[in-house]
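Going line by line, the protein sequences match chains A, B, C and D.
One gets the numbering used here by counting positions in the first sequence from 1 and adding 1 to each.
One gets the numbering used here by counting positions in the second sequence from 1 and adding 1 to each.
One gets the numbering used here by counting positions in the third sequence from 1 and adding 1 to each.
One gets the numbering used here by counting positions in the fourth sequence from 1 and adding 1 to each.
Any given hint might turn out to be false.
Repeated chains share a single entry, so a pair holds when one copy, or any two copies, can fit it.
Unchecked claim - Cut-off 25 Å, straight-line C-alpha distance, at most; resulting in silico cross-link-like pairs (DMTMM-like, lysine to aspartate or glutamate):
1) Lys391 to Asp94
2) Lys391 to Asp428
3) Lys391 to Glu209
4) Lys386 to Asp127
5) Lys391 to Glu421
6) Lys391 to Asp24
7) Lys417 to Glu276
8) Lys386 to Asp411
9) Lys417 to Asp64
10) Lys391 to Glu445
11) Lys417 to Glu266
12) Lys386 to Glu89
13) Lys391 to Glu23
14) Lys391 to Asp74
15) Lys386 to Asp226
16) Lys391 to Asp401
17) Lys386 to Glu416
18) Lys386 to Asp64
19) Lys386 to Glu276
Keep in mind that the hints were calculated from the coordinates and are not lab data.
Okay, here's what each chain looks like letter by letter:
Protein chains: 4
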Amino acid sequence: MDAGLLSPVWAGTEVAALVRDEDWLAAMLTAEAGLAAAQATLGVIPSPAAAVIASVAARSGLDLVALAVKARDAANPVVGLVSAFTAEVAGTDSAAAEYVHKGGTSQDILDTAAMLVASRAFAVIDTDLRRTAGALTRLAAEYRLTPMAGRTLTQHAVPVTFGLKAAGWLSLVLDSLDRVGALTFPASLGGAAGTQASYVEAAGAGPEHGLELATAFASALGLADPGIPWHALRTPLADIASVTTHICGALGKLALDVQGMTRTEVAEVAEPTAEGRGISSAMPQKQNPVLAAMIMSAARQVPLYATVLQQSMVCEDERSAGAWHAEWQALREVLRLTGGAAATAAELAEGLRVFPDRLRANLELTDGAVVSERLSMVLAPLLGKTAAKKLLGRVALAGDGPFEEALLADPEVAEKLDAETVRGLLDPSGYLGSSGLLVDRVLERARSVLA
Amino acid sequence: MDAGLLSPVWAGTEVAALVRDEDWLAAMLTAEAGLAAAQATLGVIPSPAAAVIASVAARSGLDLVALAVKARDAANPVVGLVSAFTAEVAGTDSAAAEYVHKGGTSQDILDTAAMLVASRAFAVIDTDLRRTAGALTRLAAEYRLTPMAGRTLTQHAVPVTFGLKAAGWLSLVLDSLDRVGALTFPASLGGAAGTQASYVEAAGAGPEHGLELATAFASALGLADPGIPWHALRTPLADIASVTTHICGALGKLALDVQGMTRTEVAEVAEPTAEGRGISSAMPQKQNPVLAAMIMSAARQVPLYATVLQQSMVCEDERSAGAWHAEWQALREVLRLTGGAAATAAELAEGLRVFPDRLRANLELTDGAVVSERLSMVLAPLLGKTAAKKLLGRVALAGDGPFEEALLADPEVAEKLDAETVRGLLDPSGYLGSSGLLVDRVLERARSVLA
Amino acid sequence: MDAGLLSPVWAGTEVAALVRDEDWLAAMLTAEAGLAAAQATLGVIPSPAAAVIASVAARSGLDLVALAVKARDAANPVVGLVSAFTAEVAGTDSAAAEYVHKGGTSQDILDTAAMLVASRAFAVIDTDLRRTAGALTRLAAEYRLTPMAGRTLTQHAVPVTFGLKAAGWLSLVLDSLDRVGALTFPASLGGAAGTQASYVEAAGAGPEHGLELATAFASALGLADPGIPWHALRTPLADIASVTTHICGALGKLALDVQGMTRTEVAEVAEPTAEGRGISSAMPQKQNPVLAAMIMSAARQVPLYATVLQQSMVCEDERSAGAWHAEWQALREVLRLTGGAAATAAELAEGLRVFPDRLRANLELTDGAVVSERLSMVLAPLLGKTAAKKLLGRVALAGDGPFEEALLADPEVAEKLDAETVRGLLDPSGYLGSSGLLVDRVLERARSVLA
Amino acid sequence: MDAGLLSPVWAGTEVAALVRDEDWLAAMLTAEAGLAAAQATLGVIPSPAAAVIASVAARSGLDLVALAVKARDAANPVVGLVSAFTAEVAGTDSAAAEYVHKGGTSQDILDTAAMLVASRAFAVIDTDLRRTAGALTRLAAEYRLTPMAGRTLTQHAVPVTFGLKAAGWLSLVLDSLDRVGALTFPASLGGAAGTQASYVEAAGAGPEHGLELATAFASALGLADPGIPWHALRTPLADIASVTTHICGALGKLALDVQGMTRTEVAEVAEPTAEGRGISSAMPQKQNPVLAAMIMSAARQVPLYATVLQQSMVCEDERSAGAWHAEWQALREVLRLTGGAAATAAELAEGLRVFPDRLRANLELTDGAVVSERLSMVLAPLLGKTAAKKLLGRVALAGDGPFEEALLADPEVAEKLDAETVRGLLDPSGYLGSSGLLVDRVLERARSVLA
């Protein structure tokens, strides 16, 4: 039993119910039914037999635990499944049983099932990324010009806007959506070693049958036509690896920023509250940013699990003895962790609470030093670039009271700039650069992607 | 449900039944009971209350799925568990319920449970590594001086012995056993932020109570005394990561070599047969080396999952918001994959079939060229090192019939060595170096480690 | 000094000369010159000053070692570089020196330089992948219907053709080329925290200036317009990570298959010979497949180094304190390892020697058992599916002499099939399925991609 | 050239000068000289020849770049090196040249050189870890009972002490030191395929010669006796991988905590200042925590590069065609990144500035809510556990002004506790648990390890 006790990020989420052992088993049976249907369409097997196969597949009562243990015999679950499923079909119609898995090979069934499972998971992931993007769109628009401290290497740097920050998160999610949209989920139909010979033999047809059957098989299952068999050509899985890694990277960036902004000392945003959420077992005052923590748990795991998939591209011969077998659990994990992260991110983005007064208070913490870059640029033509920077560094780092005061008190500054000018220059909202237009650019892209 | 359908390497093995969600839940309840027991021992709570807590923990009927979903509230399963378990205890004895999780914090319970689960898994792993080592000991001894082709960069190089190869595998397994033996599984008792303040407060005692309670807690559970709280000091998990990676590296080396030797063209060894094992769904002639393939599936995954654990050392503050949460599933996976690989390796090593005639046939495939290094060394003093090597390269790579024949026909060789000498030098069993003594050295170590 | 002594895969290759420290330094200076040029175009600084800056950048004699050590002060090399380069410019024209790095920030310069370096490296990689694809196209066409043993889980499975195998390698390389073609290399122009405020301030212009300057900057350098600043939005690097991983996966698959086929016992292909290549320091008979070994060395490293880049997507704030800094060396490595692997693969594919007699000899090794799947399908309607498979398994695995003979001697077989039919069915070239058409499909795609 | 421009963490540090291509080349020559010396000791070659070889090795002027390019011929640098070095020796003494690399194989030289390089690097790493530990010892002792906010999941949790935090960092560094101390650096002496046959042949001796020569060789070089050849048994490198990963994990934890504490809003510690350090190219007010950022850059890379080494345990045959070749660059990187991180951490720890007033100010930020756990425990017996926690949660999260005030104003609290008691309970220094004793325990261990 793996109910998600150790992975709260996906426990109880929609994606979790699509990738269980039960779901993989059902997808394998769907693949067997799809094969029979495609073969019936092309006249290789009788249509009634295909109908029986489909019907038994849909109501199959195979023993999952027994199949899992039996999978040790073949190092994959399909051999045992074919045998058990054939017996099940025979129980209904012994003639139809002869047509089960006709010309089939384990990898065609398992790879096709994997693509069925993955495509269903990505449909959910896509929806949750769109929800996330929608919520971030609203935040970016609402806080388009709300100044806050921009931070680099942990230190206040220059002002940014919260809208720009949200637009940055949004642009990453849009990047992810682009990549999800480019994925294809091909059926697999190669026969024992990728020549489709068994299917051709089974049909007693010419070599073109292999290609036609692949097309019909894919079509019956709503998957992409594979073009050529991909048993040992693992681009589809490498792409899923890259895309799930990108998604978790994008959402991880969002989560890590939210964590930084929820720190007790910073307190600029807070996660959405919900009954019972974020509480500690012992500390009554705590409200933990648990959504971000769960997203981070996925962002830390997925790139490594995805690497298993990417390394499995390097596999020997027509079917490897290990690389293929390493993929299945890794694939399940990247799907459900990414799905859980996306669902959690949608919840986080839709309910994120923003505290503009705290944004401002923190921005004012350095008493204007956060715009010393601007002052430096204003003073540069008057004092020289190096001298200007040196002067401001001296004032800012001296620790002689508030920056504004120290600046006004500095004779060198006073000689060049009057107090009012200095005060004007120290207003962070005057130093936001192209922030608003940059936000607009992302919003425009979002409208197009989310349309 | 995760019965191992996607991970045949551990499906149905002993370790799989130790690391399920159910087992983690039971271990968390054991930790709660252990805390109560330790506090009773030190007089912090009444002994009868501790007894009730232990008894309810042992027969607890908590709803695993509900707890998993509930874990999303706190980003960990303990907060919900404490609440549900307290209610369960209250159902038996409402006074005792007040003593559940007294001074406790989520991480103490979960980390302690993780160590309980890990220590049980490693007990099984240790046993299976010992079985593997025992079997390899027998192979190394039996084939101590049985020559076979040594291969480097895929090509026959010089002769080795099968016993030396087995001794090499054995030495890696002994290395793994050493590392397993050095692991410690500490209990975790830090309180909310590692000061043990809540436990001290609960006891109304002095600061030494924290240390004493940790000792009593560890002792009650059969775990190691933690010394200091390790909430944010993750050496115990980093060590498990390193050790599981080593084990899977060691067993992966064995599996990869077995795969190379079972190739149709090589056929020097074969996996143990068993009813139904290694069969293909379509090809009647196949006998797939499935044990090695399953071991490889683990060897490809574990180093990456282990990296999650190692990267979680870099965690912020007194408890991180993500690094900790990323560990649990990764830990479970490295334990059961390693456990499955060890059980499978024991089966493989104990039943490995060795075909000495094939070892010899392959060794003779190059008609003596496999000892051209030796000839080169014999000819070097006679012709000069470079000239000797050049001559032999020319003969070996000319492709003019068998090497021995070509060599004897070469006038330059004939001038220096008579035919009988050449034939004697070409005997692979005469060029085994220290193989036998190296085998002995490993066998001696094995005797000491396995004693 | 890092001349590639530890990385023969790229030592002396074209890509190696594009990613050295010297090249990064030059690219940073190019970025500074590009900034000045763009600002001159938009009237922010005087054109003569930009010309001086460009000219000094082109002939700069900065001390690389000193800059590297100095980089420790800022945790990046740009701060020191700007200071030293400004002094260099001042040596020529002190007025122009005031315009160096105007409004600039370290990350704009370094990220832009990284994209310059990467785009140059990918131009070479693209060329070498096209060379590889071209060579594989020829192999796939030439050996379109040349039968050989298809292998799964290390065992002979059913026949394939060498052309189909080459077409498979080719299709992976075409997948890689598609992904290389989709990469973009954006300039970076965000200012201190991604608002472009310093550039706007320097221009004394409105907010639209930031966007315009970014466009002009990118255009001056031949890079893509960034759209928005990407200091903390690392999709460009994550994409490079995914694509280099894919390339090394594709080439690693090719290399691993070549290694399997060059094994002494298999000997179906050999690497191109060259004076001094593949020799051993001690064994005169050796001809090591060194090209494949070097490709494998890259394929084993790149997915891990690429993971550094992918994990750096999770970076805090407007500029992270570590994630950014971890990227540079990892980026250099994935570029040069991938570039070296591509150059090596082109050499390997263009010169690969194929031995059709060995392909056939190995295919005949099982005396026809390699097509027992076909026999099984022919016998299935006569005996029932299960009985047919059982019968053939019995014959194939009995080890009673050659398969064909044993088959003909089997009374059950003889009852159903005459000897001539059996002999006909045992011809591997009769069981190639759609191989030829699948090859054609890949060749057609190659024509389109390589056109 | 790789001067560290892209890796400031090690640029200019001591370790960087030990792992350059030049250093590897020198180490390979040292290995050749060591082999000759050992063979002279055992009477296999004349002592004067060994002396000549040693002398030429010590002043060798081999062309590194040429050797690197030449390394492509053999996929490793040794074959070319032996040839070039033999010519160099012949230039001095043609008779001695015949004894160069006698019985040698590439891997013996390269693996032995790797161990020489690694052992030198670890000597420096050990020293810098000891410096770091020494500095942390002083911090732990000085701030043993200085209270500060303990933080979990980004939020103030309960008080800890800065001394306990430093003791935690220290304990990780001590763990690292233990692991460094357990490393061994074995010489490699296996001959072509690990049987030592060529050395035995060269000596014209019995099989015991292989073992004796290995011992003499190791002794000549100050390396550990290998026991048995480890060409394909990569425990020594897997151990280095684990240990460097642990070190970077330990130092990464320190760095990440320092980064959190240096945030502008937190400002509890600051990095040591130095002329020019931490400055920004544009923002005069900035003082970036660059030491921590550099350490983090290593901590993010090393676990991945180390995984290359760990995965190379899974290598085929007596010498793999890729796994071995993937190790060299990865090994160099983990050594110099770890060495750089250790040097940087020593600098950071020795100069870390601690601001007790900021520790206190932050601790008081929640106006006592940081000890609500304690209050909860005090109220539990009076109100029941659940009710007590609920009450305090309500007060803490209501946001009705300061916690202390709100608490005193609460009628339910007032009924149970008088104001003075409440005020006493709210003092964070009263809720430090076993912090002092835990610090003492780590200090005691440090004294023992650092002695």
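Hints and how they fare:
For the identical chains of this complex, Lys391 and Asp94 are inter-copy neighbours only, at 22 Å across copies versus 89 Å inside a copy, given an alpha-carbon limit of 25 Å. In this assembly of identical chains, Lys391 and Asp428 lie within 25 Å of each other by CA distance solely inside one copy; the values are 21 Å within and 44 Å between copies. Taking CA atoms no more than 25 Å apart as the test, Lys391 paired with Glu209 passes in neither setting, with 77 Å inside one copy and 30 Å between copies. For the identical chains of this complex, Lys386 and Asp127 are neighbours neither inside a copy (50 Å) nor across copies (44 Å), given an alpha-carbon limit of 25 Å.
Taking CA atoms no more than 25 Å apart as the test, Lys391 paired with Glu421 passes inside one copy only; the shortest distance there is 22 Å, against 52 Å between copies. Taking the shortest Cα distances, Lys391 and Asp24 never come within 25 Å of each other, neither inside one copy (65 Å) nor across copies (31 Å). Taking identical chains as interchangeable, the C-alpha atoms of Lys417 and Glu276 are never at most 25 Å apart, the minima being 58 Å within one chain and 28 Å between chains. For the identical chains of this complex, Lys386 and Asp411 are intra-copy neighbours only, at 18 Å inside a copy versus 59 Å across copies, given an alpha-carbon limit of 25 Å.
Taking CA atoms no more than 25 Å apart as the test, Lys417 paired with Asp64 passes in neither setting, with 85 Å inside one copy and 37 Å between copies. Proximity of Lys391 and Glu445 under a CA criterion of 25 Å is satisfied in neither setting, with 41 Å inside one chain copy and 47 Å between copies. In this homomeric assembly, Lys417 and Glu266 never come within 25 Å of each other (Cα to Cα): the closest approach is 37 Å inside a single copy and 32 Å across copies. When the C-alpha separation of Lys386 and Glu89 is checked against a cutoff of 25 Å, the pair qualifies only between copies, where the shortest distance is 15 Å, while the shortest distance within a copy is 83 Å.
Taking identical chains as interchangeable, the C-alpha atoms of Lys391 and Glu23 are never at most 25 Å apart, the minima being 67 Å within one chain and 30 Å between chains. With identical chains, the CA atoms of Lys391 and Asp74 are at most 25 Å apart between copies only, with a shortest distance of 16 Å across copies and 74 Å within one. For the identical chains of this complex, Lys386 and Asp226 are neighbours neither inside a copy (63 Å) nor across copies (29 Å), given an alpha-carbon limit of 25 Å. When the C-alpha separation of Lys391 and Asp401 is checked against a cutoff of 25 Å, the pair qualifies only within one copy, where the shortest distance is 16 Å, while the shortest distance between copies is 45 Å.
For a Cα distance limit of 25 Å, the shortest separation of Lys386 from Glu416 inside one copy, 17 Å, qualifies, whereas the shortest one across copies, 66 Å, does not. In this homomeric assembly, Lys386 and Asp64 come within 25 Å of each other (Cα to Cα) only across copies, at 23 Å, whereas the closest approach inside a single copy is 77 Å. With identical chains, the CA atoms of Lys386 and Glu276 are at most 25 Å apart between copies only, with a shortest distance of 19 Å across copies and 56 Å within one.
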